[in-house]
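J.: For reference, the chains in residue letters:
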Amino acid sequence: MIEWKPGASLEALRCRAKLMAQLRDFFACRAVLEVDVPLLAKSTVTDLNIDSITASVGLADAFLQTSPEYFMKRLLAAGSGDIYSVGKAFRDAEIGRKHNPEFTLLEWYRCGWDDHQLMQEVVDLVALLIDDPHRSPAPVTKLTYYECFTNVMGFNPHRAELHQLRTIASQVASGDWFDQSRANCLDLIFSLRVEPAMPAGIVVVYDYPQCQAALAQISKDHNDDRVSRRFEVFLDGAEIGNGYLELTDPNEQIARFNEDIDGRNEVNRPSVHVDEKFVASLIHGLPACAGVALGVDRILMNILKAQTIDQVLTFAWPRC
Amino acid sequence: MANYSTNDFRSGLKVMLDGDPCSILENEFVKPGKGQAFNRVKLRNLKTARVLEKTFKSGDTLEGADVMDQDMQYLYTDGDFWYFMEPDTFEQHQATENAVGDALQWLSEQDVCVVTLYNGSPLSVVPPNHVELEIIETDPGLRGDTAQGGSKPAKLATGAVVKVPLFLDQGDVVKVDTRTGEYQGRVK
Numbered sequence: 070m071i072e073w074k075p076g077a078s079l080e081a082l083r084c085r086a087k088l089m090a091q092l093r094d095f096f097a098c099r100a101v102l103e104v105d106v107p108l109l110a111k112s113t114v115t116d117l118n119i120d121s122i123t124a125s126v127g128l129a130d131a132f133l134q135t136s137p138e139y140f141m142k143r144l145l146a147a148g149s150g151d152i153y154s155v156g157k158a159f160r161d162a163e164i165g166r167k168h169n170p171e172f173t174l175l176e177w178y179r180c181g182w183d184d185h186q187l188m189q190e191v192v193d194l195v196a197l198l199i200d201d202p203h204r205s206p207a208p209v210t211k212l213t214y215y216e217c218f219t220n221v222m223g224f225n226p227h228r229a230e231l232h233q234l235r236t237i238a239s240q241v242a243s244g245d246w247f248d249q250s251r252a253n254c255l256d257l258i259f260s261l262r263v264e265p266a267m268p269a270g271i272v273v274v275y276d277y278p279q280c281q282a283a284l285a286q287i288s289k290d291h292n293d294d295r296v297s298r299r300f301e302v303f304l305d306g307a308e309i310g311n312g313y314l315e316l317t318d319p320n321e322q323i324a325r326f327n328e329d330i331d332g333r334n335e336v337n338r339p340s341v342h343v344d345e346k347f348v349a350s351l352i353h354g355l356p357a358c359a360g361v362a363l364g365v366d367r368i369l370m371n372i373l374k375a376q377t378i379d380q381v382l383t384f385a386w387p388r389c
Numbered sequence: 013m014a015n016y017s018t019n020d021f022r023s024g025l026k027v028m029l030d031g032d033p034c035s036i037l038e039n040e041f042v043k044p045g046k047g048q049a050f051n052r053v054k055l056r057n058l059k060t061a062r063v064l065e066k067t068f069k070s071g072d073t074l075e076g077a078d079v080m081d082q083d084m085q086y087l088y089t090d091g092d093f094w095y096f097m098e099p100d101t102f103e104q105h106q107a108t109e110n111a112v113g114d115a116l117q118w119l120s121e122q123d124v125c126v127v128t129l130y131n132g133s134p135l136s137v138v139p140p141n142h143v144e145l146e147i148i149e150t151d152p153g154l155r156g157d158t159a160q161g162g163s164k165p166a167k168l169a170t171g172a173v174v175k176v177p178l179f180l181d182q183g184d185v186v187k188v189d190t191r192t193g194e195y196q197g198r199v200k
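Chains as they are written, first to last, in our numbering: chain G, 70 to 389; chain U, 13 to 200.
If you are wondering where the hints come from, they were derived from the structure by calculation, not from laboratory data. Each hint should be verified, as a subset may be incorrect.
[Said to hold, decoys possible] Simulated pairs of lysine-lysine, DSSO-like, Cα-Cα distance not exceeding 27 Å:
id, chain 1, residue 1, chain 2, residue 2
1, U, Lys187, U, Lys200
2, U, Lys46, G, Lys157
3, G, Lys289, U, Lys46
4, G, Lys87, G, Lys74
5, U, Lys46, U, Lys59
6, G, Lys374, G, Lys74
7, U, Lys46, U, Lys69
8, U, Lys187, U, Lys164
9, G, Lys87, G, Lys346
10, G, Lys157, G, Lys111
11, G, Lys289, G, Lys157
12, U, Lys66, G, Lys111
13, G, Lys157, G, Lys74
14, G, Lys374, U, Lys46
15, U, Lys66, G, Lys211
16, U, Lys54, G, Lys374
17, U, Lys200, G, Lys346
18, U, Lys167, U, Lys187
19, U, Lys175, U, Lys200
20, U, Lys164, U, Lys200
21, U, Lys69, U, Lys54
Let the hints inform the model, and build the full structure from the sequences given.
T.: Written out as structure tokens, the structure reads:
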């Protein structure tokens, strides 16, 4: 028999509709402007670990956007002020219990804010969305990457030698991970050991390792280690979002793009070119800001206690 | 055999890992938002029956294992090997004591078992879930004692020892669940 029915129940459909209304109301009350940016573009991200889905427009290559980040930053550079976008994003080959190649991303930027101010707003929004009058409010924990890593693993992730990280990654992931980068080894240890030990509720982890800075600024922590001003948000142990005190220096940004491109070539991932319109907007000037992206489907999974993303999507990829 | 990538890994797929055939039990895709994708995979080593957990980079491949499960009738043993027959083709296979393993204590001639073949030879044998066997040795039965609670060991025709109620005697036939080794009831 052909499986034609949706994965989401009627309850899940209603829950999503209510959540979308709540978050639009949340931002309207705070005077953050909703923007609608393209999903289809001529360029895409250089991220080492994110592959875009390609399309063609006329005879030219095109890419489904993996997040609205570059278009939103171009709006910020053009003087939009505080903005948010809620819409689809696409990432190739991400299929699993908590992944679908097409998913709903909520992303917003606050001009003049730092990462800690934005973390508070994220906590306020998530607490509102998951609020259940029949249960006590979800506990909120805020801690550094150093703290949550050290609590479980017993050593400083920022100072550990690469060979030590590779040895430990190979133990926790039972395999040979001796050819892996510092960032990959840290991710393995974090995903397999640190995440499962996280407290329930909303957990915000900040001051990520410098090697995982992506588009965040770098600064020094209380141990005098160089860390990135990047944070991640977890809900009952599942990653739901990622934010930055945004990098505004175009030269540093171009250097990181080139590093990414070299990294992609080394591991034979599809080559991409730098989005020149985005770089031009940085050269013009991105205002000081903090930004964050949250996975809406993951939040719905938490509210509905769903075991798979299929239960909160009308038609997940296997049903499409 | 074909190669399978982590995207193809699903429960029941048979693959080669470190030279041994394994059956995939679970496959979970894990990817930190900005990090590298990997798969946490639970497998059963079909030679040792041990369950192990391995992490693979997404896109890594493993060679398929030439393993298949087949219903076969148990024929007899000559003491060195145990002989099974495919009911459709009448083709016979000889299994070592190692392959027969724990199934040994339950096997009666003509039982239909699931035999796992690896490269064409029996790797393991799963007996029928329920078997009916005669008690060949037990303490004398206490007539009329059908009260709940009491039990005693009884040796069955195939050599297995199971706990049975006190009222049963030598010569009685009992039904046993081979997965748990538990007495299910008296047959006659």
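J.: With a cut-off of 27 Å on the C-alpha distance, tell me whether lysine 167 (chain U) and lysine 187 (chain U) pass.
T.: Holds, at about 13 Å.
J.: Given the hinted pair lysine 54 (chain U) and lysine 374 (chain G), is their alpha-carbon gap at most 27 Å?
T.: 24 Å, holds
J.: For the pair supplied as a hint, lysine 187 (chain U) and lysine 164 (chain U), confirm whether the alpha-carbon distance does not exceed 27 Å.
T.: 16 Å, holds
J.: Tell me if the straight-line CA distance from lysine 46 (chain U) to lysine 59 (chain U) falls inside 27 Å.
T.: Not OK: lysine 46 (chain U) and lysine 59 (chain U) at ~39 Å, beyond 27 Å, violated.
J.: Does lysine 200 (chain U) pair with lysine 346 (chain G) here, judged by a C-alpha cut-off of 27 Å?
T.: Given pair lysine 200 (chain U), lysine 346 (chain G) is violated - Cα atoms ~86 Å apart, limit 27 Å.
J.: Going straight from one Cα to the other, do lysine 46 (chain U) and lysine 157 (chain G) come out at no more than 27 Å?
T.: Given pair lysine 46 (chain U), lysine 157 (chain G) holds - Cα atoms ~17 Å apart, limit 27 Å.
J.: For the pair we were handed, lysine 175 (chain U) and lysine 200 (chain U), check the Cα-Cα distance against 27 Å.
T.: 17 Å, holds
J.: CA of lysine 157 (chain G) to CA of lysine 111 (chain G), is that 27 Å or under?
T.: Measuring from Cα to Cα gives roughly 17 Å; hence the hint holds.
J.: Does lysine 157 (chain G) sit within 27 Å of lysine 289 (chain G), going by the straight-line distance between their CA atoms?
T.: 35 Å, violated
J.: Within a Cα-Cα threshold of 27 Å, do lysine 87 (chain G) and lysine 346 (chain G) meet the stated pairing?
T.: Given that 27 Å is the threshold and the Cα spacing comes to 36 Å, the pair is violated.
J.: Is lysine 157 (chain G) close enough to lysine 74 (chain G), meaning Cα to Cα at most 27 Å?
T.: 21 Å, holds
J.: With a cut-off of 27 Å on the C-alpha distance, tell me whether lysine 289 (chain G) and lysine 46 (chain U) pass.
T.: At roughly 22 Å apart (the allowed maximum being 27 Å), lysine 46 (chain U) and lysine 289 (chain G) satisfy the hint.
Hint compliance for this structure: hints 5, 9, 11, 12, 15, 17 are broken, all remaining hints hold.
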